[in-house]
Amino acid sequence: QLYVVSYDNKFWIPGIRFSTALTITNDKAMDFYGFNGYQSYFDHAMVDLGKDSDDMYFYTPKYRIDRLAALFKADLIGRIADSPLQWEAGYHLSYFDIDAIDRDKINKNKDENKKFPASEPTLYEQYRQWGIISDDEADGGLNSTLRLGLLYDTRDKEGAPSRGVWAEAHLTMAPKWLGTSIPYYKYSATLRHYLPIVDRDRLTFAYRLNYEGSIGNDTPYYVLPYITTMGQSYDRDGMGGFRTIRGLMRNRVQGLDMASYNAELRWRFVSFTLWNQNIALGLNAFSDGTMVTRAFDMSFSRTEADFSSREEYLSARSEYDAYMDRGLDSDRPHITVGAGFRFIMNQNFIVCLEYGKPVGKYHKQDGNGAFYINTGYLF
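Counting along the sequence shown from 1, when you hit position 346 you're at 1812 in the working numbering, and nothing is skipped either side.
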């Protein structure tokens, strides 16, 4: 369940664009595949077996958590003299309430042999047992943050640009004195470039490069999935999904630092006027990718005193070692490819259909691909 209320106004404050949004997401089975990409092994074989075999319960809940996320933002953007440069400043408030899945709800109306058993821990529960997710941040928390940014924008238009540059750099500060549960500091940089190959929007090559980084090692795990944005958009889960890496499982890649790219060729093969409306039909081919460049600490941080017996401690340690042995020592690029169709009206109303699929040596750990129905362009 996603609820969004947003407001964007360029004229309310003279010379300043004001954007605000409130989003509430109540997800009883949100994707959670661990940290650092391929360092966290996704057992796709067991997931497929759970779907296809009557002798195996559904395994998908292994990689699910229960999360309530409420995010509020208020951003101001103003131009610096008559240049393409603009300053950005904003206040962002977010609250996360996280728990293991409710097995009664997950198993409701399922056949007995397909129910996810209480004896099978979810990955989130294992991460808590092993101390990868610490007790002080396991249940979520409050983030009260200030954001500052610098924006460079030479796009010919906002909705469907065909030439120009749109670049941003952001600093996020979440100090304890502002009310944040676990203080942290982050930075991000994004470059979007639009290159016309054939004029009049007929053929355009566009790409986006993004880097999300943490200052220090204290960023709480529930902040890691989010991509930093300011202005008329709002923070979205990543990496993976229709707004970040198309075709990749949602939240598959999480780390202290992450790099990503999107590249696509946009072709408008038909343009016409109907009932005084400018209509265009377009196709696009794309490739997206991401990778963790600085890892979240996945060390086993429990001691024997945290368990009721030495046998329980040794069992947990053995399960942790077996899990880590299945993953890679560090992340590798997660690459997807795909194509899409767009209906464009008056440059600002865009409906898109897209399909993306993971490729590469470890593609099975990134999902089976996904089909999206959405509005606008990815960037």
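Don't take each hint at face value.
What the hints assert, rightly or not - SDA-like, lysine to any residue: derived pairs with alpha carbons at most 25 Å apart:
| id | residue 1 | residue 2 |
| --- | --- | --- |
| 1 | 1571 | 1582 |
| 2 | 1517 | 1495 |
| 3 | 1494 | 1839 |
| 4 | 1823 | 1471 |
| 5 | 1827 | 1582 |
| 6 | 1574 | 1519 |
| 7 | 1581 | 1785 |
| 8 | 1571 | 1510 |
| 9 | 1571 | 1581 |
| 10 | 1494 | 1474 |
| 11 | 1494 | 1592 |
| 12 | 1494 | 1702 |
| 13 | 1827 | 1837 |
Just so you know, these hints were derived from the structure itself, not from any lab. Predicted model, so just to flag it, every value in this text is computed and none were measured.
Comparing the hints with the structure gives:
1. 1571 <-> 1582: Since the Cα atoms of residue 1571 and residue 1582 sit roughly 11 Å apart, the hinted pair holds (cutoff 25 Å).
2. 1517 <-> 1495: 17 Å, holds
3. 1494 <-> 1839: 22 Å, holds
4. 1823 <-> 1471: 31 Å, violated
5. 1827 <-> 1582: Not OK: residue 1827 and residue 1582 at ~30 Å, beyond 25 Å, violated.
6. 1574 <-> 1519: 19 Å, holds
7. 1581 <-> 1785: Holds. Residue 1581 to residue 1785 sits at ~23 Å (cutoff 25 Å).
8. 1571 <-> 1510: 23 Å, holds
9. 1571 <-> 1581: Given that 25 Å is the threshold and the Cα spacing comes to 10 Å, the pair holds.
10. 1494 <-> 1474: With a Cα-Cα distance of about 30 Å, the restraint between residue 1494 and residue 1474 is violated, given a limit of 25 Å.
11. 1494 <-> 1592: Given that 25 Å is the threshold and the Cα spacing comes to 18 Å, the pair holds.
12. 1494 <-> 1702: With Cα atoms ~17 Å apart, residue 1494 and residue 1702 stay inside 25 Å; holds.
13. 1827 <-> 1837: With Cα atoms ~22 Å apart, residue 1827 and residue 1837 stay inside 25 Å; holds.
In summary, the numbered hints that this structure violates are 4, 5 and 10.
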